[in-house]
Structure formats: structure tokens, C-alpha cells
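With chain L's structure known, arrange chain X on it following the hints.
Protein chains in written order, with this note's numbering: chain L, 18 to 253; chain X, 17 to 604.
Just so you know, the hints here were simulated from the structure itself, not pulled from any lab data. Be a bit skeptical, because a hint or two may be false.
[As the list claims (entries may be wrong)] Here are the simulated distance ranges between beta carbons:
{"id": "1", "chain 1": "L", "residue 1": "Asn-180", "chain 2": "X", "residue 2": "Asp-578", "range": "51 to 61 Å"}
{"id": "2", "chain 1": "L", "residue 1": "Glu-46", "chain 2": "X", "residue 2": "Val-206", "range": "29 to 39 Å"}
{"id": "3", "chain 1": "L", "residue 1": "Pro-143", "chain 2": "X", "residue 2": "Asn-295", "range": "36 to 46 Å"}
{"id": "4", "chain 1": "X", "residue 1": "Glu-598", "chain 2": "L", "residue 2": "Gln-64", "range": "30 to 40 Å"}
Here a beta-carbon is modelled for each residue, glycine too, at the ideal position from N, C-alpha and C.
For reference, the chains in residue letters:
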Amino acid sequence: MTTKTMQFSIYRYDPDKDKKPYMQDITVEIDSSDRKLLDAMVKLKAQDDSIAFRRSCREGVCGSDAMNINGKNGLACLTELDGLKQPVVLRPLPGLPVIRDLIVDMTQFFKQYHSIKPYLVNDDPPPERERLQSPEDREELNGLYECILCACCSTSCPSFWWNPDKFVGPAGLLQAYRFIADTRDQATNDRLDDLEDPYRLFRCHSIMNCVDVCPKNLNPTLAIGKIKELLVRRTV
Amino acid sequence: MGIPVRTFDAVVVGAGGAGLRAALQLAEADLRVAVLTKVFPTRSHTVAAQGGVAASLGNSEEDHWHWHMYDTVKGSDWLGDQDAIEFMCRKANEVVIELEHFGMPFDRTESGKIYQRPFGGHMSNFGEKPVSRACAAADRTGHAMLHALYQRNVRVHTQFFVEWMALDLIRDAEGAVLGVTAMEMETGEVCIFQSKATLFATGGSGRMYYSSTNAFINTGDGLGMTARAGLPIQDMEFFQFHPTGVYGAGILITEGVRGEGGVLRNASGERFMERYAPNAKDLASRDVVSRAMATEIKEGRGCGPNKDHVLLDLSHLDPKVIMQRLPGIREISMQFAGADPIKEPIPVVPTAHYQMGGIPTNYTGRVVAPRNGNPDAVVPGFYAAGECACASVHGANRLGTNSLLDLLVFGKAAGESVVEDIKALPKSPKDLPKDAADYSLARLARLDGQANGEGVHEVQLALRRAMQDHCGVFRFPDMLKQGVDKIMEVAGRVGRTEIKDKSKVFNTARIEALELDNLVEAAKATMVCAATRQESRGAQAREDFPERDDANWLKHTLWYRDGNRVDFRPVHLKPLTVETIELKKRVY
Chain L
18 MTTKTMQFSI YRYDPDKDKK PYMQDITVEI DSSDRKLLDA MVKLKAQDDS IAFRRSCREG
78 VCGSDAMNIN GKNGLACLTE LDGLKQPVVL RPLPGLPVIR DLIVDMTQFF KQYHSIKPYL
138 VNDDPPPERE RLQSPEDREE LNGLYECILC ACCSTSCPSF WWNPDKFVGP AGLLQAYRFI
198 ADTRDQATND RLDDLEDPYR LFRCHSIMNC VDVCPKNLNP TLAIGKIKEL LVRRTV
Chain X
17 MGIPVRTFDA VVVGAGGAGL RAALQLAEAD LRVAVLTKVF PTRSHTVAAQ GGVAASLGNS
77 EEDHWHWHMY DTVKGSDWLG DQDAIEFMCR KANEVVIELE HFGMPFDRTE SGKIYQRPFG
137 GHMSNFGEKP VSRACAAADR TGHAMLHALY QRNVRVHTQF FVEWMALDLI RDAEGAVLGV
197 TAMEMETGEV CIFQSKATLF ATGGSGRMYY SSTNAFINTG DGLGMTARAG LPIQDMEFFQ
257 FHPTGVYGAG ILITEGVRGE GGVLRNASGE RFMERYAPNA KDLASRDVVS RAMATEIKEG
317 RGCGPNKDHV LLDLSHLDPK VIMQRLPGIR EISMQFAGAD PIKEPIPVVP TAHYQMGGIP
377 TNYTGRVVAP RNGNPDAVVP GFYAAGECAC ASVHGANRLG TNSLLDLLVF GKAAGESVVE
437 DIKALPKSPK DLPKDAADYS LARLARLDGQ ANGEGVHEVQ LALRRAMQDH CGVFRFPDML
497 KQGVDKIMEV AGRVGRTEIK DKSKVFNTAR IEALELDNLV EAAKATMVCA ATRQESRGAQ
557 AREDFPERDD ANWLKHTLWY RDGNRVDFRP VHLKPLTVET IELKKRVY
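The following block holds chain L by itself, in its conformation from the complex (with noise of 0.2 Å):
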């Protein structure tokens, strides 16, 4: 098997033992059966164990491992490390406080997407079967409620990073949006007036940073604009 060698530079601290962050240099083997940036991360905690990250279903869908390689936000599992321009920089997502090394305190993060009520609200007695819904009221549904709670997008965005407690986010809005468009949901008036504020809604500048990050492909300045389209359509 042929291996070469890959230059890393690693942000790390660790209020334990460091005064203040610091990048670190340090290179791995690897060889061709690590494809993704992942791969090359376990390889560097097996030659260093005290280097931090999260990680777990090592297939894109769990949303433990984002975080900002050479200057954009993404997920280890999925980013391919042929092409990555070396030293590869690796540091935590950006905007939200450090735990330690790439692992960061997503409180404020988890904080707005709860503040939107991320559950179905439907107060009619439930049916003995299921509610129907037609399968073009469900393609609605297609595109939001496959966000995986990464916070590439969210920790991408400058709103997010000026007002982390008075924007939702990206994220968060997106999921306000699955709901809203979600025909077995009752309560689209109350989500409309929740985020039909200065801030909540209408920090979102249409940047678009969230999308060009987004692992899942997935565009919540797209859903953004629908709610403020719903905002709108309201008023007349």
C-alpha cells in the first residue's frame, strides 16, 4: 500500500493547560485507503491522543465533526483529502466559544433551534390512523427536514456571529420553515409572529454563506425567503 505524508495545522487549546489558543504543526502518513479528512484525524489522535475533535457515524448524517477547514466550514467524514490545499487548517467552527481544540460550546446554537419549537403542533384529537397527507404536501417537506444540526451554516453566517442570541440562524430557521410548511401543523400564525422581529428573522442579509457550506446541500436562504414571503402575504 503507498502512504505519503500530510502536513496538518491544528488549532489548539486547553484551558487545563494552555494561557491561550495556539496552532499546531504535525504531519501523518497516510495511505490510500483514507479518503477523507476523517480518516486522517483518527490517524493523527492515534499519534497524539490529546488532539479534541467530535466525531461519530463517519457518514455525514450525525453532525458531530463539523468544522473549519482551510478557512470553510464542513464535515471531516465527507471532505475528500485529495485536493485539500496543505498545511491543511484545521480550526473549530467559528463564532461560538471554545471548549477545547475543535470542539466547541454549542449552546447558543442548540438554544435558538429550541427557540423556534421544533416539534409538530396539531391540538386535534389524533385519529386512529395516521393523518394523511398527499404526496405533494410532503415534497414540501423535502430539503428542510434533512438538516442534520451540523451548525456549518450557522457558525458560517455573520448575523449569527454578531447576534448569536437575538438571530435564529440559519439552521434554526430553516427548521421554523419545515414546520411552517408542513400541512399537519396548526400553529403557522404563532411561528410567523414569533420570528416576525427586527432580529429573529430579519438579520438574514441574504449572504449566503449557509449554502455554499451546507454538507447536506440543503438552502436556507431559500427557506428564509419563503417565510418572509408568508410575512408579506399576511400584511395584505
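Frame of chain L, contents of chain X only:
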């Protein structure tokens, strides 16, 4: 002791499908509940399930829970407990409909009902022909389910302890379970979670194999804790190899691909399943298909320069079907195999996927362990559901889509059992033994103090290699014997692992070492039980005992950590209300 104690009515360990379903039941009963989870709930491995959840809704053709029960018993190669199987199949419609009411975005039929597709081993009219029983949300059913369950828990304000790892069970002198010790990953703080009920929903141990569809977190934590506490784990030799893992990467490709019409082909392009399962063909049970694939490869009909895989061909399907029903598979195939299935086949190989065994429970989710001649004696205060548990509904081989059903039905049932049992208990919990946390603290002290030990990565690699080489799709007597020696040698090394990182803050090296402590118990149980069971049944295929032997082996194996001992329990052949499904030869 100096260790902080938090007291709850119930503690749930794990927040995948089973843990979240159980938590809902508990929260709705207004109990004080803590849900501990190593990862944020939506990162749990349920998220990776693809094809569907079984229920005989009959939305596109006639179906019946009794047919589903028959298929599950037959799929289990008669090792499943028929009371638990009847219970699960009868409850299926209810729990799936509930999930739809929670907001799960199922695909729909033209009439607006939940969309269902065929899946391996699911047949109509007691084994006659494939039936559409798998309720699906495209090929992201697990993702849609896990998020819907988490969202419902947000609605009822379930209290989560996210990124907390449970370390050990706490039991008193009478053997009752009083809670767990756990570590907060962010701070390294160890804490006792005292509770009247402890419910494990910790998932499987698929990381014990070198090539696995499983996430990094699937390290058999619940099994390790249970075994260390002196309780048995059951039927661990039955490890499912999924027929279609992406060659090289191990990523799962759902059986739903074959449900939608995909077929397996060997090097000469032959649809070889027609020879092995003339009736069900590509939709035979997973153990049958995996053995057929391994045989094709062994006999030189594999594909590629090394003839070491076969091809999953969907290119004859309408691209619209692939885009609409299998979009995630297309993504995975392009990402991890470099193949667009609309145009070219996906290279696949049988890959370790699911543990049929686990912590033995009855069909109400209460953990059992033989005591005073009673093989079904309940362990007070202890419950388990989902992949970590063994009810047993899957017996020697699980049918596809029965795992998501298992975690809904038994997550809910275990939750209901907790609610019922707590009502009968005094208001305050039992006193903790003085040394409740000592065992966990000693394990942590050993790890932090270890010098001249081996790295966790190396030892874990040796474990996974040993399992892969010695306990695979086909099992050989000499290989199993050597395998037991190897895994016991690895176990010795696990006791001497060393971590360089001593930080208190989010020390993932320490977490990985603790996970390996758990994984090795699951691996020992698997290897030892595979070497013990002298027959072929379901996923256990012994070269030296090629037939099922009901006279001697129609029984569950129980593995105890102390003395590496194997014992047995009878299979429950009597269902709850219907007639026993009688033993017969398993043909697809």
C-alpha cells in the same frame, strides 16, 4: 465519598430511538427523569438507519400482524421468544401511527397514507411472497425518526445530560440496581445518578469488528456495565452481517435498494440470489444473503481485481425512483464508492451491522437473570430496550426494519414498566452503598496512573482484527478456538491501556479508553459464545456443524464475565395469545 449525588425517579442511559421513546413515556407520567447521553441526542446511531420501520399497516396491499410475527420467528431461526415477538408485531401499528402524529415526515402513497416498501424476509400469508411492510421516509427513516422523537421530547421538556458518559451500574447487596456513576465529558466530573429505575438504551457494539457499518460511538457501553456488575448478557454470538456495506468504506446501503428492485450480481453479471433463494431471491433474510455473497466470493465469482466483492445493481430502475426513494443512497454511493447508481452498480460486501444479543429482558423491558432456579427472574430496578437489549425478538437473525420497530415498541414498554413499578415503591429511593462510586473511581485512577502501557488505538485495532478474522460470516472450529485465546489476550491488554492526555477538560482519549473497557466485554461474549454453540442457526454459521440442532441448542446462551462462563436459558416458544409457530426448516 465526596462524590456528588443527584437523585431522580428514573435514569435513562442513551438518547437514541429507544432512550428517547422511553423518556417520552416517563416525562408524560410526570416523573423526575434524567437522560444521560454521550452525544447530543440527534447524533445517536439511530440517525443512520435508512430503509424503514416494519408495521402491518397494509397501506398498499393486504397485511396482518400475524404474518409479520411468522416472518420474525422464521427470520430468528426460531431462537426468538414468541411472546415478545407477538407483542412487538401487535404493537407495531400503534407505535408507528404515534410517530406519524409526533410529526415524522413519512413518504406518502397517492391516497396520503404512509408509504411502505418490501424488505428482506417480510412476506404475506405466512411466507408466500414479499409484502410492502417497511414504512419509510425516503432512505432516511432513522434520521427522520430520531429527530421526530427528539423534537417531541423538546416539547415535553425532558431533562437531558448531554455529553455525559455512564461508567458503571450501582447494585446493592440484594442485587437491585440503584443507579449509575457517570462522568461529565466537558469537566471530567464524576457523579452518582441515584434512581429508583435505571433504563439502558445504550445501543450496540458494532465497533468490535474491523469492518462495520456502525458509528464510532457504538462500543457496547451498556453491555460492559452490565457484565461488570455481574449480570449475564445473552445470545451475543448472533452478530448480523449486513449484505450491503460499501466495499472498502463499510458504510451501510439499505436493503430498501433491493426492496425498490435492485439486484445483486457476481463477476459474470449473474443474479446469483436466484440460486440460493428461489422464492424471495434478493429479498431473503440478511444472514442468507450475506452467506450467499461470501460463498460467491469464496468460490472465485467475486468482482474487481481481487474478486473480493459483488455488485448491487440499480441501473435498471427509473432514475426518478432513485431520486425520490433512495436519494441518500445515491449521495453515499457517490461519496464513498465514487459510483452514481443511476449509471453504475455499487460495489458491496457483507459488513458487521447489528447485535441480535444483549441484556436479557422480558417483553415488558424488565431485565432478567436466572436466580434460584427461575430463568426469568427480574432484576429489580433495571430495564433495557433497543439494540443493547435482547427481548428476544430477533433471535439468531434480525429482519430489516424490525430494529426501528424494536426500539419504539420496547422503548415505550420499558418506559411503561418503569412508571408502573415506581408507583408501587416508597417515595424515597433505597440507600446507596457506601462504596457506590469506588469501583468507577478505581477504574479511572488505574487509567490515569498507568505507565508503560499500550495506546488505546493499538489495542482497539487488535480487538477489531481478532473479531473480523475469527468470528465472521462463516465460523471455523480452529479459528474460533484461536479467536478465544486472542480476545482474552486483548482483554489483558485492555486492562493496561495508557493515555498520555491527563486533562480534565473534554478528554476524548479517556472516553475512548473507557469505551474500550466496554467493547472488550461485548467482544469476549461474542467470541466465547460463538465457540460454545455447536450448531448453525441464523447468523451463526459453523463450518463444523452446518445444521441447526434443535434437540441440543434451541436455547439462549448467557455469558457471565466472572470466570468467562456460559450458561443457558430456555426459549419462550409459547406466544401470548396465538398458537406456537412450529419449528421447521428455514427456506426462502
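> Looking back at the hints listed earlier, which ones does the structure fail to meet?
Replying inline: Hint check: 4 fails alone, others pass.
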